[in-house]
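Number of protein chains: 2
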Amino acid sequence: MFLRLVTFTAALTWLAAPATAQRVSQAPAPSEIVAAAPASDWVAIAPADLLVMDLVTDAKGRDRRVVIQLMPPPFSAGWVANIRTLAKAHWWDGTSINRVQDNYVAQWGDPDGEDVAKAKPLPPGLVKVSQNEYTFRLDWRNVPDELVNEQYELDPSVSRLGNRDKYAGFTGHIDGWPIAGSEFGQRPASTRKYHPLMAWPVHCYAMVGVGRGMPPDTGTGAELYTVIGHAPRHLDRNIALVGRVIEGIENLSSLPRGKGPLGFYDAAQGDERVPILRIRLGDAVADLPSYEYLSPGSAAFARYADARANRRDPFFITPAGGADVCNIPVPVRRHGTP
Amino acid sequence: MFLRLVTFTAALTWLAAPATAQRVSQAPAPSEIVAAAPASDWVAIAPADLLVMDLVTDAKGRDRRVVIQLMPPPFSAGWVANIRTLAKAHWWDGTSINRVQDNYVAQWGDPDGEDVAKAKPLPPGLVKVSQNEYTFRLDWRNVPDELVNEQYELDPSVSRLGNRDKYAGFTGHIDGWPIAGSEFGQRPASTRKYHPLMAWPVHCYAMVGVGRGMPPDTGTGAELYTVIGHAPRHLDRNIALVGRVIEGIENLSSLPRGKGPLGFYDAAQGDERVPILRIRLGDAVADLPSYEYLSPGSAAFARYADARANRRDPFFITPAGGADVCNIPVPVRRHGTP
Numbered sequence: 001m002f003l004r005l006v007t008f009t010a011a012l013t014w015l016a017a018p019a020t021a022q023r024v025s026q027a028p029a030p031s032e033i034v035a036a037a038p039a040s041d042w043v044a045i046a047p048a049d050l051l052v053m054d055l056v057t058d059a060k061g062r063d064r065r066v067v068i069q070l071m072p073p074p075f076s077a078g079w080v081a082n083i084r085t086l087a088k089a090h091w092w093d094g095t096s097i098n099r100v101q102d103n104y105v106a107q108w109g110d111p112d113g114e115d116v117a118k119a120k121p122l123p124p125g126l127v128k129v130s131q132n133e134y135t136f137r138l139d140w141r142n143v144p145d146e147l148v149n150e151q152y153e154l155d156p157s158v159s160r161l162g163n164r165d166k167y168a169g170f171t172g173h174i175d176g177w178p179i180a181g182s183e184f185g186q187r188p189a190s191t192r193k194y195h196p197l198m199a200w201p202v203h204c205y206a207m208v209g210v211g212r213g214m215p216p217d218t219g220t221g222a223e224l225y226t227v228i229g230h231a232p233r234h235l236d237r238n239i240a241l242v243g244r245v246i247e248g249i250e251n252l253s254s255l256p257r258g259k260g261p262l263g264f265y266d267a268a269q270g271d272e273r274v275p276i277l278r279i280r281l282g283d284a285v286a287d288l289p290s291y292e293y294l295s296p297g298s299a300a301f302a303r304y305a306d307a308r309a310n311r312r313d314p315f316f317i318t319p320a321g322g323a324d325v326c327n328i329p330v331p332v333r334r335h336g337t338p
Numbered sequence: 001m002f003l004r005l006v007t008f009t010a011a012l013t014w015l016a017a018p019a020t021a022q023r024v025s026q027a028p029a030p031s032e033i034v035a036a037a038p039a040s041d042w043v044a045i046a047p048a049d050l051l052v053m054d055l056v057t058d059a060k061g062r063d064r065r066v067v068i069q070l071m072p073p074p075f076s077a078g079w080v081a082n083i084r085t086l087a088k089a090h091w092w093d094g095t096s097i098n099r100v101q102d103n104y105v106a107q108w109g110d111p112d113g114e115d116v117a118k119a120k121p122l123p124p125g126l127v128k129v130s131q132n133e134y135t136f137r138l139d140w141r142n143v144p145d146e147l148v149n150e151q152y153e154l155d156p157s158v159s160r161l162g163n164r165d166k167y168a169g170f171t172g173h174i175d176g177w178p179i180a181g182s183e184f185g186q187r188p189a190s191t192r193k194y195h196p197l198m199a200w201p202v203h204c205y206a207m208v209g210v211g212r213g214m215p216p217d218t219g220t221g222a223e224l225y226t227v228i229g230h231a232p233r234h235l236d237r238n239i240a241l242v243g244r245v246i247e248g249i250e251n252l253s254s255l256p257r258g259k260g261p262l263g264f265y266d267a268a269q270g271d272e273r274v275p276i277l278r279i280r281l282g283d284a285v286a287d288l289p290s291y292e293y294l295s296p297g298s299a300a301f302a303r304y305a306d307a308r309a310n311r312r313d314p315f316f317i318t319p320a321g322g323a324d325v326c327n328i329p330v331p332v333r334r335h336g337t338p
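Respectively, the protein sequence lines represent chains A and B. Counting from 1, position 85 in the first sequence corresponds to residue 85 in our numbering; the numbering is continuous, with no gaps. Counting from 1, position 62 in the second sequence corresponds to residue 62 in our numbering; the numbering is continuous, with no gaps.
These are computed hints drawn from the structure, not numbers from a lab. For glycine and all other residues, C-beta sits at the position ideal for the given N, C-alpha and C. A portion of the hints provided could be inaccurate.
Quick list of in silico lysine to any residue cross-link-like pairs, SDA-like style, CA-CA up to 20 Å [said to hold, decoys possible]: (1) A:259 to B:334; (2) B:60 to A:267; (3) A:259 to B:248; (4) A:259 to B:223; (5) B:60 to A:269; (6) B:120 to B:223; (7) B:259 to A:254; (8) A:259 to B:332; (9) B:128 to A:316; (10) A:60 to B:271; (11) B:259 to A:32; (12) B:60 to A:268; (13) A:259 to B:337; (14) B:60 to A:272; (15) A:259 to B:32; (16) B:60 to A:254; (17) A:259 to B:333; (18) B:259 to A:46; (19) A:60 to B:272; (20) B:60 to A:72; (21) B:88 to B:127; (22) A:60 to B:247; (23) A:259 to B:58; (24) A:60 to B:259; (25) A:128 to A:72; (26) A:259 to B:247; (27) A:259 to B:338; (28) A:88 to A:46; (29) B:88 to B:219; (30) A:60 to B:273.
Among the chain A residues that face chain B by a calculated CB cut under 7 Å, a handful are [said to hold, decoys possible]: (31) 316; (32) 318; (33) 326.
Turn these sequences into a full structure, and let the hints guide you.
Here it is in structure tokens:
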């Protein structure tokens, strides 16, 4: 798999173009740009890369399904492999949502996981992953010539001004995922293709990560959480991210908050824990629709990112002039739906 | 009232100090720093500056109260005055929570507000506020000599590197509120006290704003929302912010999501709308505790902000090196509680 780094260079160029009154009044909203994107700008997500969690029905008898897209290599490959093993072993069936901390995370797994005597035994075959795997090396030598296009020819000043944020030297999307990384240096032409960068996935809303104990523990993948508040970027490079919720996050984000430390349900709230019926890989779920994401390398995505940073649709009077990477979520939809 | 601008200069200095292994292992978490702050670092919130919303009890018969702190002048003074008028008229009593959009906002007011024929009449005395009031002028002439201390003597490079973000030239706290503003320029000594800046409140998690129609409408204050997701900073300077939820936000953020456009409850979900029993100003509520916030000008806050940006407590292995203004929420508590 080749790494495809996409930043908001195109969006910044767009911003520089003068806007006429006519254009302002007709400017589409980001959702309209996404709806109008051609089919060729969408990338299918393989069912095998989905993790499907079914919770017990709610108080009104409604189904509650959460669909998670797992990250491809080189991101968090060890943990993702463990998650596949756990799903195939049906390990999560009968576990529960144990923690819902407002403006932070919803977390699931074995409610007795902290208690050695009562913890549910893990299946065989799980690998132990090193802390070094929280980041990966974005090495230009791995980028084939045909992909070394103008998207990679970042002017360092653009990187600083357009994509640098409080947490990283650059932000952007690689293979459809929100990624941050170390500062771009000045790259002389001769070393252009040999400049390694450290990069890591970003804790945006709905991203899924691996709960763990104190370092050097890195977690197995049995304990998972998703972000349900403002991006907790201080967790970047400290915990493994393994995917994102692409459908049904409201089944986690709208759960009652836990009243115990860190938002775990306390003893009096034991009955608030929502049981997990089952978690399966997508290719083991018969009734699963097909999903696709809007390629961050597409022209439609560039317009969408620009519109997220500079709202010109009629409701807005002052475009922000920028957007952090978590405010430009990669659009995901059921295949072919508008 | 004097404007007190506090940025993270102190925090940045702290970062530069070398950390010994001993110190790292004993580093307190942000919550521990807040708990240890002396009583003198806390600022009491006047009950008259609180807005207290009581929802009907939940399915288990539990009370649901949301406490909002209103912003002081010069922020959004016209809208805040309207909100006081609406509360004193008991206008919200019997209205409801009408919109809950995941990763965005929960909104309340008259469910028929869009329908001229059915809309609930507003009380007399509401003022119409100009769009110009979305921002305010931070004028050094208004800052008294005794407050022109080193906190104001910002080195522009610090402003750029430490507090600039994707949305604004600087971010920080004024009078305990998250504020962004236009870029600091180079200020010659002779004009040091005469440099006007445009500034505005920031749409962080739990901030409360004023719903409105298409511009130039600015809303009356009868339709309010709070942020329940990643900071929607594109709304800054486009909608009035009037306060923040300081207690009970889980009573809004954990509500079922609306399935209609923009997260409004659709016809089939009408029964999901939670009725509002009453909204009152804090000085009209008999059983209200006292609240206080940690002064962003205090030494404890500087240590807290630094720890938010650079977690050194044992769980963390890689400090982020920065934090956006919404990831440094101003701590608020019931008076005197740890």
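Hints, one by one, checked against the model:
Distance check on the hinted pair: residue 259 of chain A and residue 334 of chain B sit about 17 Å apart at the alpha-carbon level, within 20 Å; holds. Between residue 60 of chain B and residue 267 of chain A the alpha-carbon distance is near 17 Å, which keeps this suggested pair within the 20 Å criterion. A threshold of 20 Å between alpha carbons decides the hint, and for residue 259 of chain A with residue 248 of chain B the separation of about 12 Å falls inside it, so the pair holds. Taken as a hint, the residue 259 of chain A and residue 223 of chain B pair is broken in the structure, with Cα atoms around 30 Å apart against an allowance of 20 Å.
The suggested pairing of residue 60 of chain B with residue 269 of chain A holds, with an alpha-carbon distance near 12 Å, which does not exceed 20 Å. Under the criterion of a C-alpha separation no larger than 20 Å, the hint pairing residue 120 of chain B with residue 223 of chain B is consistent with the structure, at around 12 Å. At most 20 Å may separate the alpha-carbon atoms for a hinted pair to count; residue 259 of chain B and residue 254 of chain A meet this at roughly 13 Å. The suggested pairing of residue 259 of chain A with residue 332 of chain B holds, with an alpha-carbon distance near 18 Å, which does not exceed 20 Å.
Of the pairs offered as hints, the one joining residue 128 of chain B and residue 316 of chain A holds, with about 19 Å between alpha carbons and a cut-off of 20 Å not exceeded. Using a Cα cut-off of 20 Å, the hinted pair residue 60 of chain A and residue 271 of chain B holds, with the two alpha carbons roughly 12 Å apart. Restraint check for residue 259 of chain B and residue 32 of chain A: satisfied, since their Cα atoms lie roughly 18 Å apart, inside the 20 Å limit. Restraint check for residue 60 of chain B and residue 268 of chain A: the C-alpha separation of about 13 Å stays at or below 20 Å, so the hint holds.
Taken as a hint, the residue 259 of chain A and residue 337 of chain B pair is honoured in the structure, with Cα atoms around 17 Å apart against an allowance of 20 Å. A threshold of 20 Å between alpha carbons decides the hint, and for residue 60 of chain B with residue 272 of chain A the separation of about 11 Å falls inside it, so the pair holds. A C-alpha spacing of about 18 Å is found between residue 259 of chain A and residue 32 of chain B, which places the hinted pair at or below 20 Å, so the restraint holds. For the proposed pair residue 60 of chain B and residue 254 of chain A, the alpha carbon gap of about 16 Å is at most 20 Å, so the pair holds.
Pair hint residue 259 of chain A plus residue 333 of chain B holds up; C-alpha atoms about 16 Å apart against a cutoff of 20 Å. The straight-line distance between the Cα atoms of residue 259 of chain B and residue 46 of chain A is roughly 27 Å, outside the 20 Å bound, and the hint therefore fails. Among the hinted pairs, residue 60 of chain A with residue 272 of chain B is consistent with the structure: their alpha-carbon atoms are about 11 Å apart, no more than 20 Å. The suggested pairing of residue 60 of chain B with residue 72 of chain A is violated, with an alpha-carbon distance near 43 Å, which exceeds 20 Å.
Annotation: proposed proximity of residue 88 of chain B to residue 127 of chain B holds, straight-line Cα distance about 15 Å (limit 20 Å). Proximity of residue 60 of chain A to residue 247 of chain B is assessed by CA-CA distance (about 28 Å); at most 20 Å being required, the pair is judged violated. Distance restraint check for residue 259 of chain A and residue 58 of chain B: the Cα-Cα separation of roughly 16 Å lies within the 20 Å cut-off, and the hinted pair is therefore satisfied. In summary, the hint linking residue 60 of chain A to residue 259 of chain B is supported, as the alpha carbons are separated by about 16 Å, within the 20 Å threshold.
Taken as a hint, the residue 128 of chain A and residue 72 of chain A pair is honoured in the structure, with Cα atoms around 18 Å apart against an allowance of 20 Å. The suggested pairing of residue 259 of chain A with residue 247 of chain B holds, with an alpha-carbon distance near 14 Å, which does not exceed 20 Å. Under the criterion of a C-alpha separation no larger than 20 Å, the hint pairing residue 259 of chain A with residue 338 of chain B is consistent with the structure, at around 16 Å. Between residue 88 of chain A and residue 46 of chain A the CA atoms are separated by roughly 17 Å; this keeps the pair inside 20 Å, and the hint holds.
Taking the CA atoms of residue 88 of chain B and residue 219 of chain B, the gap is about 18 Å. The hint holds against a cut of 20 Å. Between residue 60 of chain A and residue 273 of chain B the CA atoms are separated by roughly 15 Å; this keeps the pair inside 20 Å, and the hint holds. Against a cut-off of 7 Å between C-beta atoms, the interface hint on residue 316 of chain A holds, since the closest Cβ of chain B lies about 5 Å away. Residue-level restraint check for residue 318 of chain A holds (minimum Cβ-Cβ distance to chain B is 4 Å; threshold 7 Å).
With a cut of 7 Å, the hint placing residue 326 of chain A at the interface with chain B holds, because the nearest CB-to-CB distance is about 5 Å.
Consistency with the previously given hints fails for numbers 4, 18, 20, 22, ordered from lowest to highest.
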